[in-house]
Every structure is written in structure tokens, then in C-alpha cells.
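**Q** Sequence:
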Amino acid sequence: MSSSIEFKLLVPYNKGAALIGSFSDWQEVPMEKDENGYFRTNVDLEDGVYHYKFRVQSKSWSNEPDEWVEIIDPYITELTPDTKNGVVRIKEGERLVDTYVWQHDDKPLPANHELVIYELLVSDFYHREGDNEKRGQYQDVIAKLDYLQELGINAIELMPVNEAPGEYNWGYTPTYFFAPQPNYGSTEDLKQLIDECHARGIRVILDQLYNHSSEESPLLQIDRDYWYYHDRHHPDDPFYWGPEFNYNHYDEHRDAIPARDFMKAVVRFWIQEYHIDGIRYDALKQLDNRDFLNELIEETKNAVFSKPFYNIGEHIPENPDLISPNGPMDGCWHDNFYHQIIPHLLGDEFNLEQLKQALEPKQQGYPEGITKAITYLSNHDQKRLMVQLGEHSILDDAAFKRAKLGVVLLMTSVGAPMLWMGEEFGERTDINVDEKNQQLEWSLLENERNGGLFEYYKGLIALRKQNPALQTGNLKFFHDGSDGKVFAYERWNDQGSRVFVIVNFSEQYLEGYQVPDIPENGTWHEWTRDYDVQAEDNQLTIDMGEYEAQVFVWQ
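Those letters in the sequence shown? Residues 67 to 621, per our numbering, in order.
Simulated from the structure, these hints should not be mistaken for laboratory data.
The model shown is predicted, which means the values in this text are computed figures rather than measured ones.
Glycine included, C-beta positions come from ideal geometry on N, C-alpha and C.
Incorrect hints may appear among the rest.
Stated by the list, open to error - Have a look at the derived ranges for each label pair, beta carbon to beta carbon: (1) N102 / L412: 56 to 64 Å; (2) V167 / W508: 28 to 36 Å; (3) E94 / R266: 46 to 54 Å; (4) E573 / Y306: 39 to 47 Å; (5) S68 / E94: 15 to 23 Å; (6) T146 / R320: 30 to 38 Å; (7) H319 / E158: 34 to 42 Å.
Turn these sequences into a full structure, and let the hints guide you.
**A** Now the structure itself:
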């Protein structure tokens, strides 16, 4: 039995629109315009899968006046991977994205202050042997979830999965904001990935783009100036990835700000349809609209109800004013951590005040709290640490030693730590957005040093998750041996958990080094070398290697 299915397209100032599809043998189905600016029509359809497009008379200045163009529905939720037609699925007389049944919505998930995040690019993370595809897919990530669970991370941040132009694309120039990248697999595959993450207590954060779209966006073909700035939002900004949405354009006739309404619908869709647990908002410096961000974050709160959710901003250079309680974001990428820690690991400089700002973000103006800063040693925009160490001729054991020092600082500083895929075992690929199919070199894990680094990460991640002192915003520097490039800091909570860290950034082995002002006399367990030591008279005498950190946990 067929059902009447509505198709609609918001084109308030365009003269004409028509529907074409597999259900009409790709012949035009007339549409009528209503008083709210929608062209609408109804088609009788049996349950099944159909492909369709719209034809519309364009109002964009990049086309001839009222030129007829074919476009995909801007609200499409699925595209065919070959022809890139829109897909509509009908079941029991209703539209639906797919028939996936969620299995693990009842599983408890970690709170924001407990998170250790793992950033990954689906296409380059893992590619199963014998698979004919040239890139990783959602199912490949599922195949590695047991590995990620063993590592101990409890959140993954997926680089953009929206459909974007080209066969290989990081997703930062999206074309369709409701449709996942078909090259990665089906909508059901993506839901299964998220569901399987939840089964393991792993939250899923999506990297999303709301500043701009690709030049292929159907909104641009419909009426560019209705959705986007006519000219560049910030003409002097060196970064420009595509036409920028105008979140200030008010349509008096419709009493709406169309770009805001569109993106709030995008946020609701991904939360409700895909059960995501957070959003990382790219390019907030370029977006530059505090009122819209407030509305967008409010939309997430209304959509998730009581579910834990993390709204993460990316604003480079950093702007801590975007973070609550003064701003809308739960936290922001702490880019200063990367830019201060890495030169110290490379031996290029030593500046204790800069290190303090990196390890304790409130010294840089961040609000109090562990969730306000997302810290990292590398990310998709930066060279991996092993690559930079190699460029500085720091190789073999020396390189792994400094990588271990880096992860101690990452896991014991104030912030939500984030790993860029592969750094936990010393991945050495210098990732390049223009070079295709750069899967991680998983065979490195078979090497003793790489496997040892993985175990080191694994242990420190467990310590970060299990010790409440490392889940607070409390940090105090209690020893400053800056002339010798040695310093120490304490982490604690109000219930008696305590951790302190001693760091040696020098190239000297320090035998019998005396550390004064130890926070508590008694037994401490040193985590990195696995031994107990007694602090007396608030002092401790230890041996420290060059570029080494030791972590002491109160017993």
C-alpha cells in the first residue's frame, strides 16, 4: 500500500522549483510555494528506497538570473556513493534514516571530568587486510575498539564525518550537513560504531563545521546571499575554507535568521539520530558570533536532556572567554599546551613560566576546572611528536624517553587529555591532507620500544582515570629548581588523594637529587619505576634521568 510522502524545499525568494526522482522516472513533479517560502509536493510511495533531487531557479550571483539548476536536498540524510543522489527511505508509510536498533543506550558513560579523548580520522585509522577498499571505514574502527578499550581511552573524537567533496577529504569543507560520508560506510554502520563505543563505556564526540561549507553546497546554488556573507566575513584573515554562513542575516518576511535555524536543526539531528555525546566546534575565531553560539549550545542542552555532553570549542589563538561560566563552551582546545610543551621536549628552550601556563591553564586565563581545557601533544593540525624529534636528530631511546616525559605531563596536568591517533605507540607519519591513504603503521607495535610506549600510555591513562586527584583543577608548584631545569607540582582532591610530579628537563643525570617541601611525610609510590619511598622532614632524595618525570602517588 502506498502512502503520501511530502517533499519540501525552503527557497523563499526563488521563482520556481520542481522535484525529480526514481519514483517519477526522473521526470519533473510540480511543486507549489506556500506563504512561508517552502515549495511543497506530495508523492504516493510504497515502502522502499528511492533517489531524488530538486530543480530550482537559482538566485545566486554565481549563476545566470533565474537559471535552472539541479541540487540535492540540503536536509538529505543519505547520499548514494556513486551518483550522489539523495536517498529517501520509506517504511510503514513514514520517512526514516535507516532501521538500526540501538542496543546499548542503557550503558553508563563517563562524565566530562573523567574523559581521556582519542582523536581519529576514519579513513586513515585502520584498514583491514584483504579489504578491497583503499580507505578505512566505520567497520574498521569497530574492529579496533577492543584495542582502544585496552589502551584505556573513554572518548573518541571523530574528525568530520559529513559528506564533503572528493574521494579523500578530511571533512572540513562539508557539503551536506545531515548526511554522513558514504565512502566510510552506511548510516547504520556509523550508528553501530557509536553503539559499540557505548557498549565499552566510550563516548563519541563529533568534530563539526558550522563556519562554512564547500562551494558545492546546495544552499549556495539556491540563494547564496540568503545563507552566506556576500563577501568574506573577515577579509584580512589568512584562513578561508569556503563560503561563510551569515548568522546575522534576518529575513523579516519569515521572521527568521535562516542560517541559525538550519544549524540548530543540524545539532538536534546528530544528537537525536546518532546519539553522539559531544561536539567539537571548529574555527570559532572565524565564525565569530557569540549570540549564535549561545543559541547553539542551548540547543544541545535541550536535545540531550540528562545525558552527559561535552561542547568543545576550537579558537586559535585561544580565547578563554568562550568557556563557561563566562561563555557558552564547556571547554576549549588548549593550543598553548602544545606550543609550550613541544619546544621543551625538543630541547629548544626552557621557560618555567611558560610551562606553568601550559600545565595550569588558569594561569592563562582559563576558568577553574579540569574540563575547561583540552590538552594534547599533537592533533590533526600538528606534526606528531616522533616526527619532530626525528627532525631534531633525537632518535631511538632518547626519542622514546622524551615521548614518555610528554605523556606524563599530558596526563598529570590540569585539563582533559587528548591523544592524536597512533601517538600512543610512536607513530612517525607526517600526516598530509593532500596525500591519500595514510593508515597508521600498526606493525610498529611489534617493536619493543613502540610496544613499551603503548604500555606506558596505557598505565598513565589508567592512573588519570582512577586517581581522583588528577580529575580536579587543583595544581600547585612547590619546587622550582629552574636553574637546573627541575621543578615539581602537586595534584590533590579534598578527600585525601594526592599525586606529585618531579620533572627534569635537563640533559643531566641527577643522582641523589634532594626535593624539598614534599606535600606529606610518609610512604609514596613512584609510578614510573614502581617503587615505594619514604618522605621525611618533607624532603625526598631521588635519582633522576635526563628528560625524565617521576610520578609519586600517596599511599
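**Q** Against this structure, judge whether each hint is valid.
**A** Now for the hints, and whether the structure bears them out:
One distance hint, 56 to 64 Å for the beta-carbon pair N102 and L412, holds here, with the actual separation near 59 Å. One distance hint, 28 to 36 Å for the beta-carbon pair V167 and W508, holds here, with the actual separation near 32 Å. For the pair E94 and R266, the beta carbons lie near 49 Å from each other, so the given range of 46 to 54 Å is met. The hinted range of 39 to 47 Å is satisfied by E573 and Y306, whose Cβ atoms lie roughly 43 Å apart.
Between S68 and E94 the CB atoms are about 20 Å apart, so this pair conforms to the stated range of 15 to 23 Å. About 32 Å separates the C-beta atoms of T146 and R320, a value consistent with the hinted range of 30 to 38 Å. Between H319 and E158 the CB atoms are about 37 Å apart, so this pair conforms to the stated range of 34 to 42 Å.
Checked against the numbered hints above, the structure breaks none of them.
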